[in-house]
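Peer 1: Chain residues, written in single-letter form:
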Amino acid sequence: MKLERYSRSARRLHTAVYLLTLFLLATGWWLLVGREGEPSPVARLLGVPDAALHVWVGWGLAIAALLPLVLARRGVAAFMRETLRRDPGDLGWLLRWPLAIVTGRFARHEGHFDPGQRIANVAIVGLLVALIASGIGLVLVHFGPVFVVLAAVHRLATFAFTVVIAGHILVAAGILPGYRGAWRSMHLGGRVRLDTARRLWPGWTEREQRLKRRPGDREASSR
Amino acid sequence: MVLAGLKLRGWALGAALSMILAACTSGPSGGGALTVGVSSPKDGAQVSIPFSVTVTSNVAIGPPESGNHHVHLYFDVGKDSGDYQLVYSNTVQVTRQLTPGKHTIIASLRNPDHSDAGPSVSFTVTVTGSASGSGSGSAAPSPTSSGPNY
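Protein chains in written order, with our numbering: chain U, 1 to 223; chain F, 1 to 150.
By construction, these hints were calculated from the structure, which means they are not laboratory data.
Virtual Cβ for every residue (Gly too), placed ideally from N, Cα, C.
Wrong hints could be hidden among the right ones.
[Stated by the list, open to error] Anything over 10 Å on all C-beta distances counts as not near chain F; from chain U, calculated:
| id | residue |
| --- | --- |
| 1 | Ala26 |
| 2 | Val57 |
| 3 | Gly104 |
| 4 | Ile124 |
| 5 | Gly126 |
| 6 | Val139 |
[As the list claims (entries may be wrong)] One-sided excerpt, in silico: chain F residues whose CB lies under 10 Å from chain U:
| id | residue |
| --- | --- |
| 7 | Pro64 |
| 8 | Gly67 |
| 9 | Leu73 |
| 10 | Ser81 |
| 11 | Tyr84 |
| 12 | Ala117 |
Construct the entire structure; sequences and hints are all you get.
Peer 2: Spelled out as structure tokens, the structure:
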């Protein structure tokens with residue numbers, strides 16, 4: 001038995017954002033390590049300088065990130081509500097987390113996201129906002145003292161974002177034994193096995209199973 | 001009344017933001033057009049690898065993190081190419097292995113975000129086969145640049 005963790009539109013948005021973000025990280029780091037002026041393989045292929053590519057794809061990310069605010073406000077509200085929730089057992093969950101990533105014996109939690117995911121969500125969204133806002137500022141300002149501040153923000157946010165995203169990929173890819181199977185929640189239909197769902201999101205799994213047994217409850221819960 | 005106050009505040013905020021943006025994106029102090037030039041090597045000079053290029057401008061030249069403009073040197077390609085040498089100070093050493101013979105170099109003034117600031121200058125050098133020292137060109141004909149502000 002499998003449970004659908006995320007809707008198709010949520011998975012599509014996630015895919016669009018991570019493809020654009022990974023491309024921006026690649027071109028951004030290419031420029032950061034001093035390869036500016038030396039075309040990357042992609043820049044060579046497209047015949048466009050890396051800096052210009054970075055700006056164009058950056059606009060793409062800005063649009064992709066803003067679209068849900070217009071087209072999926074309820075989804076954004078649900079994401080924010082579940083990300084910002086705090087439950088009494090969160091600290092205990094976090095204390096057991098270092099061992100649980102190996103053993104898979106996570107503490108129980110009731111959220112759609114586990115407490116670690118909630119922290120990651122805040123960090124990822126916060127850093128994305130900082131990167132997009134400072135990136136747009138850099139394009140508009142071009143030079144001068146404000147440019148210097150924006151460039152510093154953009155650079156520091158890139159360092160922090162790289163670390164956070166590396167951690168997110170490590171967890172979400174299911175490389176760690178405790179998170180085995182988690183990658184399915186965002187890929188290939190977005191359905192995770194029941195044992196994986198119980199291990200990672202026990203409270204959510206029970207609610208979903210109850211709703212599956214009594215479909216009328218789903219409407220009531222969504223109101 | 002309250003609405004009028006809010007509108008006025010919105011207008012004032014917009015005006016302030018416009019002024020800040022204008023201040024951030026204005027040209028050199030004094031309001032003149034941006035310029036870039038190359039004082040060495042002279043146009044048509046003979047050089048050997050490596051050689052120095054000295055650029056001049058009416059704005060400070062520096063790395064992007066300084067907020068100053070910088071220069072891109074394009075070797076036998078147009079300004080839209082992704083292959084160029086960065087110039088973050090007034091003098092730079094060209095070390096790339098240019099083949100012996102005549103080469104056209106474009107010096108383009110860039111904003112710190114690497115977008116084109118406008119002015120550019122084109123000059124030619126003839127690379128000789130021997131690589132000795134960092135001479136900045138032996139012949140010194142008067143410049144015949146095709147670009148502005150040379």
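Peer 1: Please go over all the hints and tell whether each is borne out by the structure.
Peer 2: These are the hints, each one checked on the structure:
no. : hint   : verdict
1   : Ala26  : holds (15 Å)
2   : Val57  : holds (14 Å)
3   : Gly104 : holds (45 Å)
4   : Ile124 : holds (25 Å)
5   : Gly126 : holds (23 Å)
6   : Val139 : violated (7 Å)
7   : Pro64  : holds (6 Å)
8   : Gly67  : holds (4 Å)
9   : Leu73  : holds (9 Å)
10  : Ser81  : holds (7 Å)
11  : Tyr84  : holds (5 Å)
12  : Ala117 : holds (8 Å)
Violated hint: 6 only; the structure is consistent with all others.
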